[in-house]
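So you can see what is in the structure, the chains are spelled out below.
Number of protein chains: 4
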Amino acid sequence: MLSPSEIVFKMYDNDAYSRWLGIVIDKVELGTVELSLEVRSEMLNGFQVLHGGISYALADSAFAFASNSLGYQAVSIETSISHLRKVEKGEVLRAYAQKLSSGRSIGVYEVQVYSGQSLVASFRGTVAISKRIWD
Amino acid sequence: MLSPSEIVFKMYDNDAYSRWLGIVIDKVELGTVELSLEVRSEMLNGFQVLHGGISYALADSAFAFASNSLGYQAVSIETSISHLRKVEKGEVLRAYAQKLSSGRSIGVYEVQVYSGQSLVASFRGTVAISKRIWD
Amino acid sequence: MLSPSEIVFKMYDNDAYSRWLGIVIDKVELGTVELSLEVRSEMLNGFQVLHGGISYALADSAFAFASNSLGYQAVSIETSISHLRKVEKGEVLRAYAQKLSSGRSIGVYEVQVYSGQSLVASFRGTVAISKRIWD
Amino acid sequence: MLSPSEIVFKMYDNDAYSRWLGIVIDKVELGTVELSLEVRSEMLNGFQVLHGGISYALADSAFAFASNSLGYQAVSIETSISHLRKVEKGEVLRAYAQKLSSGRSIGVYEVQVYSGQSLVASFRGTVAISKRIWD
Numbered sequence: 097m098l099s100p101s102e103i104v105f106k107m108y109d110n111d112a113y114s115r116w117l118g119i120v121i122d123k124v125e126l127g128t129v130e131l132s133l134e135v136r137s138e139m140l141n142g143f144q145v146l147h148g149g150i151s152y153a154l155a156d157s158a159f160a161f162a163s164n165s166l167g168y169q170a171v172s173i174e175t176s177i178s179h180l181r182k183v184e185k186g187e188v189l190r191a192y193a194q195k196l197s198s199g200r201s202i203g204v205y206e207v208q209v210y211s212g213q214s215l216v217a218s219f220r221g222t223v224a225i226s227k228r229i230w231d
Numbered sequence: 097m098l099s100p101s102e103i104v105f106k107m108y109d110n111d112a113y114s115r116w117l118g119i120v121i122d123k124v125e126l127g128t129v130e131l132s133l134e135v136r137s138e139m140l141n142g143f144q145v146l147h148g149g150i151s152y153a154l155a156d157s158a159f160a161f162a163s164n165s166l167g168y169q170a171v172s173i174e175t176s177i178s179h180l181r182k183v184e185k186g187e188v189l190r191a192y193a194q195k196l197s198s199g200r201s202i203g204v205y206e207v208q209v210y211s212g213q214s215l216v217a218s219f220r221g222t223v224a225i226s227k228r229i230w231d
Numbered sequence: 097m098l099s100p101s102e103i104v105f106k107m108y109d110n111d112a113y114s115r116w117l118g119i120v121i122d123k124v125e126l127g128t129v130e131l132s133l134e135v136r137s138e139m140l141n142g143f144q145v146l147h148g149g150i151s152y153a154l155a156d157s158a159f160a161f162a163s164n165s166l167g168y169q170a171v172s173i174e175t176s177i178s179h180l181r182k183v184e185k186g187e188v189l190r191a192y193a194q195k196l197s198s199g200r201s202i203g204v205y206e207v208q209v210y211s212g213q214s215l216v217a218s219f220r221g222t223v224a225i226s227k228r229i230w231d
Numbered sequence: 097m098l099s100p101s102e103i104v105f106k107m108y109d110n111d112a113y114s115r116w117l118g119i120v121i122d123k124v125e126l127g128t129v130e131l132s133l134e135v136r137s138e139m140l141n142g143f144q145v146l147h148g149g150i151s152y153a154l155a156d157s158a159f160a161f162a163s164n165s166l167g168y169q170a171v172s173i174e175t176s177i178s179h180l181r182k183v184e185k186g187e188v189l190r191a192y193a194q195k196l197s198s199g200r201s202i203g204v205y206e207v208q209v210y211s212g213q214s215l216v217a218s219f220r221g222t223v224a225i226s227k228r229i230w231d
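As they're listed, the protein sequences go chains A, B, C and D.
According to the numbering used here, the stretch in the first sequence is residues 97 to 231, in order.
According to the numbering used here, the stretch in the second sequence is residues 97 to 231, in order.
According to the numbering used here, the stretch in the third sequence is residues 97 to 231, in order.
According to the numbering used here, the stretch in the fourth sequence is residues 97 to 231, in order.
Honestly, the hints are just simulated from the structure, not real lab data.
One or more of the hints may lead you astray.
No distinction is drawn between identical chains; accordingly, a pair holds when it is met within one copy or between any pair of copies.
In silico SDA-like links for lysine to any residue, alpha-carbon gap of 20 Å or less [to be verified]: (1) Lys-185 to Trp-116; (2) Lys-106 to Ser-214; (3) Lys-123 to Asp-109; (4) Lys-185 to Asp-231; (5) Lys-182 to Ser-214; (6) Lys-227 to Glu-102; (7) Lys-182 to Val-171; (8) Lys-185 to Arg-115; (9) Lys-182 to Tyr-168.
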């Protein structure tokens, strides 16, 4: 079985979309991941603020990495996100994913997304955990 | 006040991220929008299937367009999505957004995302509706 | 293995809280359940309208019955509900649960709650499906 | 304008369902509320464990009290809850509601529900805030 960091970097290396987003992996521990990205102009929506799909994607990547870091391959089945305020071009978002619970087949994680000290989104996600070990 | 189609095309023209996604606007009626996109290799995650952030973004754009089509500027505040099955490169996703309810300040929409006849994601979103008219 | 109706009536017979709610089972088919209840004064909240916990409970029972009707014991792991309008004492609520998808270990259902022709709540839920057969 | 405690006790006094649940108000501060209840036999479902509608109702009352404690009347529009483990008769549940963000018209709160040291449910809710002051 790979270590949490080995799993997350292996996932990231093969994850074209997280790389397109410019996601940086800031910290990995068992069940906990911190990521960041800088908001670029191609990420804006019709109101010239960050498209909700980008803050979701950042949170979703953090959630996927954190839930897989436990050693078994896990896929997202249900997620929700509150968008708490607008985000502008040039802001740097940081996502903190942590485990709320994890059993044999189901795991639940929470991700908070910050810009500086300001909470911009709150996310919760559920994964289905397979029997396939990361190796 | 602009028509539903005028609002949606105006939003889309200024929406760099929906354009990066390659979203096509297939239909616009008052409170109802249909969009599609083709899954490209830069949209895949570490499992070589579609990143959840892309199906979310498609649904979220459909939701934003449908809720703004009523004539008042509206912003997403809370959304949830169930990912019902994996999506592969080359599949064409179609998102159908429709209004569940809309009052003076709050609107709720549902978006179903299909690949062919197969439902791949179910999304629900809530918008805060402003007093600013689209013109 | 019991039939869908046998499963739902067996669950209901042992379900003290659904009986306290006064839930009536109006229809059972494989993966689909319709329930109703009449709003009583002990179900109201501090605004003298229906407490959100009651419309949730009605939807949650419909979801539980529909997901178990497939023959395997299943438990709710994640649910969300939009409250679309106030409900008053004396209104009769009807909940329609239907399957969106169901695999070996995960099922997703949608429940719409109506009062007359008016949609009062929209609910989506995810179950973990066990290997235990209803018999 | 009433104080946070005055608002919450006024709401509770008129809230027949929270009183049926046997909810106890353990703490009230601006935007923060702690409640508890003991699981009784009439709260169990067909599996003889706590019906999800009860843990939801406890969280929803904590959310309603916390969001109204800011001084303006607020109603729940969208909520989600993860059920993390089974709860049995006799357990005492404690709900901790706190504000994630609150603007002029929209507020978002998180509620964690514990039994002893064990997290049994995680809830997030959105309210629409009116102009009506609690007095």
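So, going through the hints one by one against the coordinates:
no.: 1; hint: Lys-185 to Trp-116; verdict: both (16 Å within a copy, 16 Å between copies)
no.: 2; hint: Lys-106 to Ser-214; verdict: neither (31 Å within a copy, 31 Å between copies)
no.: 3; hint: Lys-123 to Asp-109; verdict: within (16 Å within a copy, 38 Å between copies)
no.: 4; hint: Lys-185 to Asp-231; verdict: neither (38 Å within a copy, 25 Å between copies)
no.: 5; hint: Lys-182 to Ser-214; verdict: within (11 Å within a copy, 33 Å between copies)
no.: 6; hint: Lys-227 to Glu-102; verdict: within (18 Å within a copy, 33 Å between copies)
no.: 7; hint: Lys-182 to Val-171; verdict: between (29 Å within a copy, 9 Å between copies)
no.: 8; hint: Lys-185 to Arg-115; verdict: both (18 Å within a copy, 17 Å between copies)
no.: 9; hint: Lys-182 to Tyr-168; verdict: between (35 Å within a copy, 18 Å between copies)
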